[in-house]
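Chain by chain, the residues:
Protein chains: 4
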Amino acid sequence: MHHLTRLTRREAMRTMITGSLAATLLDFTQGGQVMSEGAQQSGSTTPQLPLAYRGEHQVKPLPFDAAKLKGLSEKLISSHHQNNYSGAVRRLNQIQQQIGSLPKDAAPYQMGSLKREELIATNSMIQHEFYFGNLGGDGKASGTIVDLLKTQYGTFEAWEHDFRLIGMSLAGGSGWVILNYNLRENTVHNYWAWDHTHSLAWGVPLLVMDMYEHSYHMDYGANARGYIDAFFQNINWDEVNRRAEAARSRK
Amino acid sequence: MHHLTRLTRREAMRTMITGSLAATLLDFTQGGQVMSEGAQQSGSTTPQLPLAYRGEHQVKPLPFDAAKLKGLSEKLISSHHQNNYSGAVRRLNQIQQQIGSLPKDAAPYQMGSLKREELIATNSMIQHEFYFGNLGGDGKASGTIVDLLKTQYGTFEAWEHDFRLIGMSLAGGSGWVILNYNLRENTVHNYWAWDHTHSLAWGVPLLVMDMYEHSYHMDYGANARGYIDAFFQNINWDEVNRRAEAARSRK
Amino acid sequence: MHHLTRLTRREAMRTMITGSLAATLLDFTQGGQVMSEGAQQSGSTTPQLPLAYRGEHQVKPLPFDAAKLKGLSEKLISSHHQNNYSGAVRRLNQIQQQIGSLPKDAAPYQMGSLKREELIATNSMIQHEFYFGNLGGDGKASGTIVDLLKTQYGTFEAWEHDFRLIGMSLAGGSGWVILNYNLRENTVHNYWAWDHTHSLAWGVPLLVMDMYEHSYHMDYGANARGYIDAFFQNINWDEVNRRAEAARSRK
Amino acid sequence: MHHLTRLTRREAMRTMITGSLAATLLDFTQGGQVMSEGAQQSGSTTPQLPLAYRGEHQVKPLPFDAAKLKGLSEKLISSHHQNNYSGAVRRLNQIQQQIGSLPKDAAPYQMGSLKREELIATNSMIQHEFYFGNLGGDGKASGTIVDLLKTQYGTFEAWEHDFRLIGMSLAGGSGWVILNYNLRENTVHNYWAWDHTHSLAWGVPLLVMDMYEHSYHMDYGANARGYIDAFFQNINWDEVNRRAEAARSRK
Numbered sequence: 512m513h514h515l516t517r518l519t520r521r522e523a524m525r526t527m528i529t530g531s532l533a534a535t536l537l538d539f540t541q542g543g544q545v546m547s548e549g550a551q552q553s554g555s556t557t558p559q560l561p562l563a564y565r566g567e568h569q570v571k572p573l574p575f576d577a578a579k580l581k582g583l584s585e586k587l588i589s590s591h592h593q594n595n596y597s598g599a600v601r602r603l604n605q606i607q608q609q610i611g612s613l614p615k616d617a618a619p620y621q622m623g624s625l626k627r628e629e630l631i632a633t634n635s636m637i638q639h640e641f642y643f644g645n646l647g648g649d650g651k652a653s654g655t656i657v658d659l660l661k662t663q664y665g666t667f668e669a670w671e672h673d674f675r676l677i678g679m680s681l682a683g684g685s686g687w688v689i690l691n692y693n694l695r696e697n698t699v700h701n702y703w704a705w706d707h708t709h710s711l712a713w714g715v716p717l718l719v720m721d722m723y724e725h726s727y728h729m730d731y732g733a734n735a736r737g738y739i740d741a742f743f744q745n746i747n748w749d750e751v752n753r754r755a756e757a758a759r760s761r762k
Numbered sequence: 512m513h514h515l516t517r518l519t520r521r522e523a524m525r526t527m528i529t530g531s532l533a534a535t536l537l538d539f540t541q542g543g544q545v546m547s548e549g550a551q552q553s554g555s556t557t558p559q560l561p562l563a564y565r566g567e568h569q570v571k572p573l574p575f576d577a578a579k580l581k582g583l584s585e586k587l588i589s590s591h592h593q594n595n596y597s598g599a600v601r602r603l604n605q606i607q608q609q610i611g612s613l614p615k616d617a618a619p620y621q622m623g624s625l626k627r628e629e630l631i632a633t634n635s636m637i638q639h640e641f642y643f644g645n646l647g648g649d650g651k652a653s654g655t656i657v658d659l660l661k662t663q664y665g666t667f668e669a670w671e672h673d674f675r676l677i678g679m680s681l682a683g684g685s686g687w688v689i690l691n692y693n694l695r696e697n698t699v700h701n702y703w704a705w706d707h708t709h710s711l712a713w714g715v716p717l718l719v720m721d722m723y724e725h726s727y728h729m730d731y732g733a734n735a736r737g738y739i740d741a742f743f744q745n746i747n748w749d750e751v752n753r754r755a756e757a758a759r760s761r762k
Numbered sequence: 512m513h514h515l516t517r518l519t520r521r522e523a524m525r526t527m528i529t530g531s532l533a534a535t536l537l538d539f540t541q542g543g544q545v546m547s548e549g550a551q552q553s554g555s556t557t558p559q560l561p562l563a564y565r566g567e568h569q570v571k572p573l574p575f576d577a578a579k580l581k582g583l584s585e586k587l588i589s590s591h592h593q594n595n596y597s598g599a600v601r602r603l604n605q606i607q608q609q610i611g612s613l614p615k616d617a618a619p620y621q622m623g624s625l626k627r628e629e630l631i632a633t634n635s636m637i638q639h640e641f642y643f644g645n646l647g648g649d650g651k652a653s654g655t656i657v658d659l660l661k662t663q664y665g666t667f668e669a670w671e672h673d674f675r676l677i678g679m680s681l682a683g684g685s686g687w688v689i690l691n692y693n694l695r696e697n698t699v700h701n702y703w704a705w706d707h708t709h710s711l712a713w714g715v716p717l718l719v720m721d722m723y724e725h726s727y728h729m730d731y732g733a734n735a736r737g738y739i740d741a742f743f744q745n746i747n748w749d750e751v752n753r754r755a756e757a758a759r760s761r762k
Numbered sequence: 512m513h514h515l516t517r518l519t520r521r522e523a524m525r526t527m528i529t530g531s532l533a534a535t536l537l538d539f540t541q542g543g544q545v546m547s548e549g550a551q552q553s554g555s556t557t558p559q560l561p562l563a564y565r566g567e568h569q570v571k572p573l574p575f576d577a578a579k580l581k582g583l584s585e586k587l588i589s590s591h592h593q594n595n596y597s598g599a600v601r602r603l604n605q606i607q608q609q610i611g612s613l614p615k616d617a618a619p620y621q622m623g624s625l626k627r628e629e630l631i632a633t634n635s636m637i638q639h640e641f642y643f644g645n646l647g648g649d650g651k652a653s654g655t656i657v658d659l660l661k662t663q664y665g666t667f668e669a670w671e672h673d674f675r676l677i678g679m680s681l682a683g684g685s686g687w688v689i690l691n692y693n694l695r696e697n698t699v700h701n702y703w704a705w706d707h708t709h710s711l712a713w714g715v716p717l718l719v720m721d722m723y724e725h726s727y728h729m730d731y732g733a734n735a736r737g738y739i740d741a742f743f744q745n746i747n748w749d750e751v752n753r754r755a756e757a758a759r760s761r762k
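Residue numbers (the numbering used here), protein chains in the order written: chain A, 512 to 762; chain B, 512 to 762; chain C, 512 to 762; chain D, 512 to 762.
It is possible that some hints are incorrect.
Because identical chains cannot be distinguished in the list, a pair is counted as satisfied if it fits within a single copy or across any two copies.
Derived pair list, reagent style EDC-like, types lysine to aspartate or glutamate, alpha-carbon separation capped at 16 Å [unchecked claim]:
1) K581 / D730
2) K651 / E750
3) K615 / E668
4) K661 / D576
5) K615 / E671
6) K571 / E696
7) K661 / E640
8) K651 / D749
9) K586 / D730
10) K661 / E671
11) K586 / D576
12) K651 / D740
No lab work stands behind these hints, which were simulated from the structure alone.
The shape of chain A in the complex, shown without the other chains (with noise of 0.2 Å):
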């Protein structure tokens, strides 16, 4: 920094927000909108950060009237996406940001730290896509996924029982169920995961249920076996089948 020496005071805090102190000053109190002090003073634009690290991730609105489920109320379903799922997607763009402003020279801990909360905020943001993406429908199954359980589970009884005790395996903590595409072995296939970084490392989620507790425990207190009955009774099966015959054709 002996440098500064040759330098105005505006140069001075302009060469540091641009570089790598940008993180620093960056206002993470204020709801997600991120913005550098210098471009608040002065109007002019900071340096682009490389799009790997711009975050600009866009939250998307509930695909179903949030009024309408059954035995899943409007103020759960309106607080989850706004506070947990909308909350990830905004937390990510912010760590993203921080990432790309990072020093040269961070330590590695550094690095690590806050790659692992990308990761938790991009799977979570993710996951909350496909769970409210198949929701809203009538829960009944038919068509090209019922014949993919099928052949995998004997029948669809025997594949609900698998997918229900996993979703009970992870009652009163957190946690998805998620049947996969599996892009190794052209299947589907039930997957755990205990939080956000946990996935299959190659495939596409058909069916996610969300068992975080901030998933049920507003109507359902510690009853998840009563949440996961209502969940089941509001699939949007058609839209399972959808991602079914696209992550098909893509092998």
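Dock chains B, C and D against the given chain A, drawing on the hints supplied.
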């Protein structure tokens, strides 16, 4: 089990072996050779598990000559393939058979604990296959992947710095660094994984670097940086390009 | 098992029940009531498991009137105690009995997967007992703990800011914030825990705040900050002081 | 930052350096030597961080001659101590200083991500000290600990089988096996840890076995069983007895 008094001993054994108790009768000790005692005794076949839990995954051979890598010894690579990768495949088969043999009234934690083991073994299998698959090359990047990386990270060097720093954050421990094709964003991005359970929820691995210490300790001791240098010298960028083009065309 | 032909059916059953197969005969379905079928049938006692895996942990009652907390409803506290805490104790007993019944030649992953479940249930039991134990007070800190906190954090307010911010980092997910007495340093320090498995390796919990969503969602929805405010109003600092003084005198 | 116009450049720099922005000015690149640019420039001392985040942990030397263990090479042990253990201590100091320098309005995820790194480094430090502390002996168990183990596990051999099987479940990956003095139960019990973050929430480590691959890969490759054999031949049971007696007297 009070009804046992109405069965012959042989019938009782068969009921248990072919029914919900089969799991404990599996012989997990003989290098992945899993067969129920009942089948061994009688020669009769036990009813097949459903495909989902039949556990018939196969080990894939190394796609290159283990003696020909630069800076990574044949002994290291062979041990990695035979013990760590192949062991995961064998274990996955055992785990899936055990899940398939759980009693219908298994406690949820029994299911959850085995599904976690299944996820670990599944992802270890998948990531190792991508890892070995992207070794054996000359380390010279060109083509599609270079364009994709420049678009996201500004320069190839900026991407490489990012990828290596994630790797160093895992030095002395475990994990993977994965350049993924993110299917939500339709872009390439580096991801951090602390262990086998971690992964982007919706993506295609393009370039995978194993950071478990079994990937380098035999040759490099604690010198993870030396290992990463060697890894980069052996990257098969043609394979990475094939993966990237296949992933891109899927969207 | 070829020797079965030399046994009567009753003897065969007893061999299995009292031997390595006992685990599968446990009844995990009746609310924690675990008894082998053999014992139920004959009235005879099965050989005791060693103490390490006998699973005889007892639920401790709430140390305060669940109806008397400020800002935390009786319904929330009772559900938390009856379902989440008591459920962990019951599950721990089942898990330990299952571990104690593993065959001698169990696959390592079988042992590991159950030991993880044991750690989860053990720490859930322990932390919940500390958590309920440090509630029911008037929220006014004084005495030894205040001195200890000032020594480490400068001011009580600085410590509280630190503790609350860790809590907020767990909002919308799971985990604990634990003010520990660190036995290596002989000092007090705040620790972050993402789930039940996480803990300082050598310490005594002094003040424990549950951040699993079952701690607040019923009353506060996604408003974790509101819950943390309520938590602070109910801290039993006398109990925290007792713990701190006991921990300090041990060194 | 609008008040910057009223400060000289030097004052502005000092404000930032000694205030909430200090973290980014720390030099993390010189082997644990952490000093702010401000202090380097002016020779003046920056205001001290509170003790909680001053990061002054010291490396403890090996308590035995690294050349004298049976079946564990001097090179392996020295590397383990110098790189993995000492690296954790140095990193812990950096992490704590960075936490202590977080702005007051840091985003919760920034705090959480660093507190996780702190837990990893803290437990790595602690467990490594217990690990090295219980090596250097003749491997012959006697005294208090044998009595305690027999009480819980029936026989010493049963305990050893249990401890080794947990170790094998971590082979090829990471983790610890820890014989703990459980302070809730006032008993000894084996615990599984998948990585540094895992630990019994209220206990005193008595015998600690490192299962990270850096503990054995240099000497044993994938042969974790061979390493465990060597570990047992070098256990310092006198030290384990000292720990057990100290732990027991605390209750």
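Against the structure, the hints:
1. Taking the closest pair of Cα atoms, K581 and D730 come within 16 Å of each other only inside a single copy of the chain (12 Å); across copies the shortest separation is 22 Å, beyond that limit.
2. Proximity of K651 and E750 under a CA criterion of 16 Å is satisfied intra-copy only: 12 Å inside one chain copy versus 42 Å between copies.
3. In this assembly of identical chains, the alpha carbons of K615 and E668 lie at most 16 Å apart only when taken from different copies (12 Å versus 54 Å within one copy).
4. Neither within a single protomer nor between protomers do K661 and D576 lie at most 16 Å apart by alpha-carbon distance, with minima of 32 Å and 41 Å respectively.
5. Taking the shortest alpha-carbon separations for K615 and E671, only the inter-copy value of 12 Å comes in at or below 16 Å, while the best intra-copy value is 50 Å.
6. Taking the closest pair of Cα atoms, K571 and E696 come within 16 Å of each other only across two copies (13 Å); inside a single copy the shortest separation is 31 Å, beyond that limit.
7. In this assembly of identical chains, the alpha carbons of K661 and E640 never lie at most 16 Å apart, being 26 Å within a copy and 28 Å across copies at closest.
8. Proximity of K651 and D749 under a CA criterion of 16 Å is satisfied intra-copy only: 9 Å inside one chain copy versus 45 Å between copies.
9. Proximity of K586 to D730 under the C-alpha cut-off of 16 Å is found in both arrangements, the shortest distances being 9 Å within a copy and 13 Å between copies.
10. Taking CA atoms no more than 16 Å apart as the test, K661 paired with E671 passes inside one copy only; the shortest distance there is 11 Å, against 45 Å between copies.
11. With identical chains, the CA atoms of K586 and D576 are at most 16 Å apart within one copy only, with a shortest distance of 12 Å there and 30 Å across copies.
12. For a Cα distance limit of 16 Å, the shortest separation of K651 from D740 inside one copy, 13 Å, qualifies, whereas the shortest one across copies, 44 Å, does not.
Of the numbered hints stated above, those contradicted by the structure are hints 4, 7, listed in ascending order.
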